[in-house]
Amino acid sequence: MTTADLALGGQGSASGAEPEGRGRRWTMWRGYDEVMGLNARDQHIARSNTTAAIRLVTDKVLTKQVLRRVGVPVADTITVIDDRRWARRMSGAELPDSWVMKPNRGRGGNGILIAAGRMSARPDGGWRRTSGGPLRVAHVRDHLRLLLDGEFSGGYHDLALLEPVLRAHVELSRLSYQGLPDVRVICTDDQPILAMLRLPTGRSNGRANLHYGAVGAGVDLDSGRVVAARVGRHEVARHPDTHRRLVGARIPFWDEVLEAAARCGPATGLRYVGADVVVTDSGPLILEVNARPGLQIQNVTAGDSPALGVLAR
Amino acid sequence: MVRVSAPGGESVEELALFDTGASSSSIDEDLAEDLGLDPDDAPTVKVRSSLGVEERPVVGVVIQVAGNTIPARVNVADRDELSTLVLVGREDMAGYQVSVGRSFLTRPDEAIAPSTAEVIFLETPALLPKTLLATLPLCALLVVLLRLWVGVSTLGTFGPVLLGIGYVQSGLMVGLVLTVSLFLLGLLIQVLLRRSFVPRVARLGILIAVVATVLAQLQSSASSAGDVASWGAAIPVVVTATVIEALWATWDEHGARVAAREAIVTLCVSVLIAALLLTPSIRHLAETVPVHFAVACLLWTWVAASYKGLRLSELLRFAPAARRAATGVAS
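First to last, the protein sequences are chains A and B.
Counting from 1, one number per residue, gives the positions in the first sequence under the numbering used here.
Counting from 1, one number per residue, gives the positions in the second sequence under the numbering used here.
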C-alpha cells in the first residue's frame, strides 16, 4: 500500500475497473506525475523568475506603471498616500465618494478597505461599507496609519494605493456573492496555460482567495467556459450562495482576457506568472500580477489543460 | 542518575551531583523521609560545608551507580534549594572517572546514558552548550524533512527548534505548560493591542517584555527550578514572542482553526526535537564526534533539500487534480 493509494482511497478511488498488479499501481501514480507540488514550483520559479522581476510585481504602483506603458489595461489610480502627517490630519473631504484602499505591497487581499459611497452629504461624515455599515473617518485614519506602518505587508513601511471601486461584468456579478470575482490566468512567457474563475462567497467574506472559501472554477482556455468548480474540498456545480449554475458558464471578453494576461509576463520580466484579471462591462483589467501563483488551481483544471507537473521537469 | 535505597526496601531514582569538593555524600531531608528513614533518631556528625559548620544526622543507604552498588553513610540536609537532591562525595566515588560539567551520563543499573523519557521531564538543564551546538544541524535537518518531504507547516520555520531546546533545558512539563499559557496570554494582549491600533514593531516589543516578565517572575518564585540555567531559559523569550506573533498573523489571515492547528503542530515538532536531542545514541555522537556529526547532518540536509517531488501532504491536497489527470475527466 503506497501513500498515494491511501490518499486516493480516502477520496474514493477514481479507477472504476479493477486493474491488477503493476497496472493498478501505475494508474494510481500516473495522475500525480502531472501535478506540480510546492517543491517543484519553487524550483521552477527560481529558474524562470528573476528576483528583480519578483520585486517589481510585489509593488502594485510600479507594476501598474509598467503595464500601462505597454498598453495593458489596468485600473485607474486615484492617488498614492505615503504621508503619515497627511493621514493623521485627513478630514475625509480630500477623498472621493467611493474608493478602494490597498496596501501597495499587501498580499492575499489583506488590509483592503472599500468605501462604497458617502454616508451623508457632509464631507466629514464618513463613508458606507459595501455591506452598508458605516465607515468612519477616524477608522480610515487608524487603518491608514497601520497600513503605512507595514501592518499588512509583512514589513515596517508601505504606501496606500487608492483606486476606484471596480464592478465586475454583469454576467459574472450575477454568479458571484458580494466582492469582486476575477480570473486567474497562469502563463509561461506569453502563453496562457491554465485559467480559473474565482468567485467570492459568503464564507470568503467577499474575498476571491480560494483558501478563504471562495469558489475556484476551472475555465477551458479555448472556449472560455467553466468546466468544473470547487469550494474547499468539495466539487460543486453551482455557487453555494447564489445557486447559479457555474459549469458551462461563459466568461465575457474571453479573448481579451487571455490577451491581457499573456502580456503581463513579457511586460514585467516574469517567465512564469499568474495574472489576476477583472472583467468589467467595458472589458478586462489587470488587477494584480503574481510571481508565485498558488497550485490549488490544478484541482479544477487538471485533465483539461496542460499539466503543470510536466512543466517543472 | 542514581538509585538510593533504604534498609527498609524503599528506593528512589534521582539525579545526583558528583562533587569532588565534598568528602561525604548527602541527601535531602524530604527524600530521606520518602525513603522511610528517620533522621531525628539517627546519630549526627559535624559537617563543614560551604554554609559553615553544621550538625547533620547520618543514615545508612545503598547507592546504585552505573551498575555498581555502593553501601554509603550519607548525611541528611535541606537540599531543597540546591540543584540536586542527592550529592555523592569523594568517599563514595572511588573507582569512577568524573567528567567535569557533564550530566545524565549513566543509569543506576547500567553504564549507559538515561533514556529520553527519563530525562525529558527533569527540570534540569540536560545538555551542555557544546553538545547542543553539535545537535543543532540535526534539528535543522529534521525541520527540512518535515517541511519539504512531509509538508508540515509550523509557526516560524525554526521556532520549534529553539522551543525544543528550551524544553530540554527546562523540563518538558514545565516548558509545555509555560508555552501554552504564554500563547494564551499573548492572544489576550493581542486583542487589547489591536483595539488601540498599536503598530507591529511595538506589539512585538510589548510581547517580548511581557514574556520576559512572566518568565522572570516564575524563575524567582519557583524554588525547585531555581537553578534553571539562565541562558537556557533566556533563549525561548524572544522565540516565544515571535512564535506568538506568527500565531496572531496566522489567526488574522486564516482564522482561528488554522491558527490553533499550526500552534499544536508547532508544539508537537518542538517536543519531537526535544526528544531527538535527548536520544542517548544521538547525544553520544554529538559528545564524542561533534564536528563529524554536524558535517554529516549538513550533508544530509543538502541531500534532503534537493527533493523536488510532491510532499506527503500534497498527495491529499492534489488528489482531485491527480484523479482528473489520470482519468482524463476532460470531454
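In short, the hints are calculated from the structure, not lab data.
One thing to keep in mind: the hints can contain errors.
[Claimed, not checked] With a cut-off of at most 25 Å between alpha-carbon atoms, the simulated SDA-like pairs for lysine to any residue come out as follows: (1) B/Lys308 <-> A/Arg30; (2) B/Lys308 <-> A/Ile54; (3) B/Lys130 <-> B/Ser153.
Distance restraint between B/Lys130 and B/Ser153, which requires alpha-carbon spacing of 25 Å or less: violated (29 Å)
Pair hint outcome, B/Lys308 versus A/Ile54 [Cα-Cα no greater than 25 Å]: holds (21 Å)
Given hint A/Arg30 paired with B/Lys308 - CA-CA distance at most 25 Å: Roughly 17 Å separates the two Cα atoms, so the pair holds.
When held up to the earlier numbered hints, the structure conflicts with hint 3 and nothing else.
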